[in-house]
Every structure is written in C-alpha cells, then in structure tokens.
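Trainee: Protein chains in written order, with this note's numbering: chain A, 1 to 211; chain B, 1 to 333.
Don't read these hints as lab results, they were simulated from the structure.
Just so you know, not all the hints are guaranteed correct.
Only some residues are given here: those of chain A computed to face chain B with a beta carbon under 10 Å [to be verified]:
#, residue
1, 52
2, 60
3, 181
4, 182
Pairs of lysine to aspartate or glutamate, DMTMM-like flavour, derived with a Cα cap of 20 Å [said to hold, decoys possible]:
#, chain 1, residue 1, chain 2, residue 2
5, B, 290, B, 215
6, A, 180, B, 299
7, B, 137, B, 217
8, B, 290, B, 217
9, B, 303, A, 175
10, B, 14, B, 103
11, B, 303, B, 210
12, A, 186, B, 299
13, B, 137, B, 215
The structure presented is a predicted model; accordingly, all values stated were derived computationally and were not measured.
By construction, the Cβ of each residue, glycine as well, lies at the ideal position given by its N, Cα and C atoms.
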Amino acid sequence: MIAHSVFFYIFSLIAIISAVMVTVSKNTVHSVFFLILDFFSISCLFIMIGAEFLGMIMLIVYVGAVAVLFLFVVMMLNVAEQKGQWFSSRWDGGTHIPIGLLVSLIIFFELIIVIGGWKYKPDLLNSLSINISNEVTNTRSIGNVLYTDYILLFQISGMILLVAMIGAIVLTYRERAGVKRQSYVKQISRERDEGVDLVEAEKNKGVKIDA
Amino acid sequence: MDSYFSILFTEVYKILFLLVPVLVSVAMIVWLDRRVWAFVQKRRGPNVVGPFGLFQSLADALKYVFKEIIIPASSNKLVFVLAPVVTMTLALISWAVIPFGEDFVLADINVGILYLFAVSSLGVYGIIMGGWASNSKYPFLGAIRSAAQMVSYEVSIGVIIINVLLCVGSLNLSDIVMAQQNLWFVIPLFPMFVIFFISALAETNRPPFDLPEAEAELVAGYQTEYSGMMYAMFWLGEYANILLMCAMGAVLFLGGWLSPIDIFPFNVIPGPFWLIFKILFLFILFALVKATVPRYRYDQLMKLGWKIFLPFSLFYVVLTSSFLLYFDLLPGK
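Just chain A, with the same shape it has in the complex (with noise of 0.2 Å):
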C-alpha cells in the first residue's frame, strides 16, 4: 500500500507540475511538450485507480491529437520570432484578461458544483440506475453502458464531432486554379491512340503544342 501511494503522489505531483509548465514555459513548444507529460501522468493515474481502459483511450487519443496540435503550433506561429514574447514588454493591453477571468470563473464553480454533488451525496454512484458490477473488466461494462443506455448521447457527441471537423474542412479550404491533380484512373485508362500523336513538322516552323 505504501508502494502505492509512493506512486500516487510521484505521478500527480508530475501532472501539477507539468500542467503548471503548460501556461509558464516561454516557449510554445516546449508547453507542448509539457502537455504530452501531463496527460501521460494523468493516464498513470487512470491506470493506478483501475481503469485501464480509460488510461489507454487517454493516451492514444489526447497525445495522439496533441501531434497534430503540435504541427499547428509550429506551421501557424513562428516559434522563432516569438522567444521570450510571452511575458515580456509587449503589453497588449490586457484585453485577453476579461475572457481569461470568466473561463476561470466558469471552470471554478464547475468544480464548486462536482465537489458539492461529492460532499452532498456521498453514495451518488450507488444510486445510479445502472449497476456497476466489478466482476467483469472495466472495458466490458463501459461497452454496457454506452452503447445501449447512452446510445443517443453517444450518437449527439459524435454528430457534433463531425460537424465541427466539416466546419474546419470547409473554413481553411481554398480552391485554387492551375493545380494538377494525380488521377489514377485517367493514367491508367490512357490508351495508345490518344497518346501519341504523328505529326508532320513544318520545316522552320516546329509543331505548336496545346496542352
């Protein structure tokens, strides 16, 4: 038990220390990599209460997406240009501070309520309506419950999902003229007689192309 606990506190102590780096650290990328340790902190965590599941889904969605994160980072700012900017002369103003303030404001009494709900109602999870067995693994019963009790929620989070990738697919698409495409079929289908082409030549004059 102590062993355990040992390691309860090296990995939470890890995921504070690490979120806290994620808005200190001067360098955007490096937040990213302090990101990456945070949730892998956080899965340990998951892992060490049972919840194998949750810790792996965890780790393969959130770091995996967090590649992707880490490319806009690096594409859409100019990590060079911004060394040591962040908290530095350029005061803009403070007009980040109101929004900053309210999704604090906000995310504190999420937590006010979560941890009043907790203090309140002690047995809160015995009086679900589903039961919660611990015979079987956590990877089965999550399977239970999500896709037979939480189907249409299930289905409402994916649909959301969707539409906001359709919305950033069609906010940074751009058609642009002039582009040659690769078409597999036109390459293949191509046959002798309209791709070679005889022509008599001129002389002095060459043969005009087309395209």
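Chain A is already provided as a structure; the job is to place chain B on it using the hints.
Mentor: Structure of chain B alone, referenced to chain A:
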C-alpha cells in the same frame, strides 16, 4: 515492504531476460536486413566480421560507442538529448505485453492491444523532438513529414485492430492468440492483413515509405544532426519498432505462438519458437519490400492512407461485424 522489494527484484530479473534477447535480436535483424537486401541486388552484403558476417552489427555498435557525440550549438540541448532516449525507451517498453507462449508473458494486461497502440502513438514524439530540437531545416522537415505520416497510418491500423477485436471479443493479447486456435485470422481477414502490413511499413518509416529520412531530399531527415551513440539509439529504436510491428502482425493475424497444424512434428516445437519463426517471416517480407519497391511520393503516400486504406478498412469493419452478427458468431455472449 520486504515482499514489495522481492516482487520488484523478480520483475527486474524478468525484464532483463526479455530485454537482452530483444536487443541482441535487434542487432542480428539489422544484419539479416542488410544480407537480404544484398542478395536481392546480387551483392554479398556484410560477410567479413565473424561467421557469415554475423558480428557486423556488434562491430558497428562498438564504432558508434567510440564516436564523438556532437550537439549542435544552436540546438535545444535538453530536448535534443531526450529524443533518442524517448525513441529507444518506447520501442523497448512495448515488448512487455507480447505473449511468447501460454503464460509466457511479462505483463498479461487486460488492454494489451491498446497498450501497444498507445505506445506506438507515443513513438512519433521521439522523432518530432529530434527534428525540432536540431534547429535545422532538413531534420525539421523530416519530423513534420514523419508526424503527418504516422498519425495518418495509425488511424488505419486502429481500424484494422477493430476488425480483429470483433472476432475475439477481448483486448488481451493472449486471448487474441487463443481465439485463433481453429483458424488464423490471416485467412478470413486476409485483406486486412495486407493493409496492416503496408501500414506497418509506413508506421515504422520503412521503404517504400521512408520519406522522413529520404536521403535524396532531406539528407537523413530527423537524424541528420545526430552522431555517435545518440544516432545508434535512434537506429536501434527504429529496428526494435520494426520487430515489434512484425510481432504484432504475428499475434494479430498469424496465430502468435500457435503451431500451424496441431499434429506430431509441429506441436512438439515450443510456442516461443513458432512466434520467432513468424516474426522472422514477416521481417524477411519487410526486407524484401525494402529491396524491391521504389519510394513513394509524399502526396501518393497520404492519398493511399486516407483515401484508400481508411475507407476500405472501415468498410471491412462493417462487413466483418455484419457477417458475425448474421451467422451468430459474435464472441463474448
């Protein structure tokens, strides 16, 4: 506390007995790769050091150890040093869940296949870190390419794994092997096996998908600035990953440690040997592909991943699940 330490020591002992053979076989597999490559091209390959040149990799490793490690002045030093360590560590920790036989596995966890998948999705960070920290154009381009490529092909590998899991009903790797006692999954899921093989080539940056280190365009990609032991660690990590992908293919599709037929001369050979034969078979296929197929263009690579493999494997998920449902074969009832 005392019992805790005794457990710790037995585990360390087991881990050593797993990792040392894996590292030695990585060195041997590099030799095999070069030999197969050479034979296809009518060359001899490494044949001088030791019998058949078997010790060539050891000689190379020794050379790497004694070379100077150069850290570029403008690089991000901590990340630069961490990158090969991350690659190597991630390549080795995945071996913990590979079952070599019945009850012959280091960590028989419930979500073994997800663990493998998660570790391989972490693997891209070693490359990204190396490419970014080098602070140089070619490594950076290589890292960006590699990130995009590995993320894309991971998606199709994930869908292929779903196909296998539909037939098994468990995420445990030993259960996956035991479900193939009557029929290896390579037969009913043959198209998936082919796509898995090609995706594994792309996932491990092997030719014809070795665009992150395409020497004609990017010098050596993300490892351009690395030298000495750090380069060797990248190199070992890469080959350990290739071997791991072969092991994953053997477990998912070729029946893991099971013998092909359950009759006399075959079933006396112990399980681990069968797994090693299957891994070697897949690895020789990897090596033959390297020797025969020219490199893809980058847009073709992306097109293959997203527009062909992903829709096809999704379609196959629907096909497999409807087949299982219709004939009432769904496991875990």
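Trainee: Mind checking the alpha carbons of residue 303/B and residue 210/B for me, to see if they're no more than 20 Å apart?
Mentor: This hinted pair holds, its Cα atoms lying about 16 Å apart.
Trainee: Need the status of pair residue 186/A, residue 299/B: alpha-carbon distance at most 20 Å?
Mentor: 17 Å, holds
Trainee: Just to be careful, I want the Cα atoms of residue 137/B and residue 215/B compared with a cutoff of 20 Å; is the pair within it?
Mentor: It holds: about 14 Å lies between the C-alpha atoms, which stays within 20 Å.
Trainee: For residue 14/B and residue 103/B, compute the direct alpha-carbon distance and say whether it is at most 20 Å.
Mentor: 13 Å, holds
Trainee: Is the shortest C-beta separation between residue 60/A and chain B less than 10 Å?
Mentor: 5 Å, holds
Trainee: For the pair we were handed, residue 180/A and residue 299/B, check the Cα-Cα distance against 20 Å.
Mentor: Distance of about 12 Å is within 20 Å: holds.
Trainee: Going straight from one Cα to the other, do residue 137/B and residue 217/B come out at no more than 20 Å?
Mentor: With a Cα-Cα distance of about 11 Å, the restraint between residue 137/B and residue 217/B holds, given a limit of 20 Å.
Trainee: Minimum Cβ distance from residue 181/A to chain B below 10 Å?
Mentor: 9 Å, holds
Trainee: Verify the interface restraint on residue 52/A: the C-beta must sit less than 10 Å from at least one C-beta of chain B.
Mentor: With a closest approach of 5 Å, the residue 52/A hint holds.
Trainee: Keeping to a limit of 20 Å between CA atoms, is the pair of residue 290/B and residue 215/B held or broken?
Mentor: Holds: residue 290/B and residue 215/B sit about 15 Å apart, inside 20 Å.
Trainee: Do the alpha carbons of residue 303/B and residue 175/A lie within 20 Å of each other, as the hint requires?
Mentor: Answer holds: residue 303/B to residue 175/A is near 18 Å, not above 20 Å.
Trainee: Please verify that hint: residue 182/A, Cβ, nearest Cβ of chain B, below 10 Å or not.
Mentor: 7 Å, holds
In this structure, every one of the numbered hints holds.
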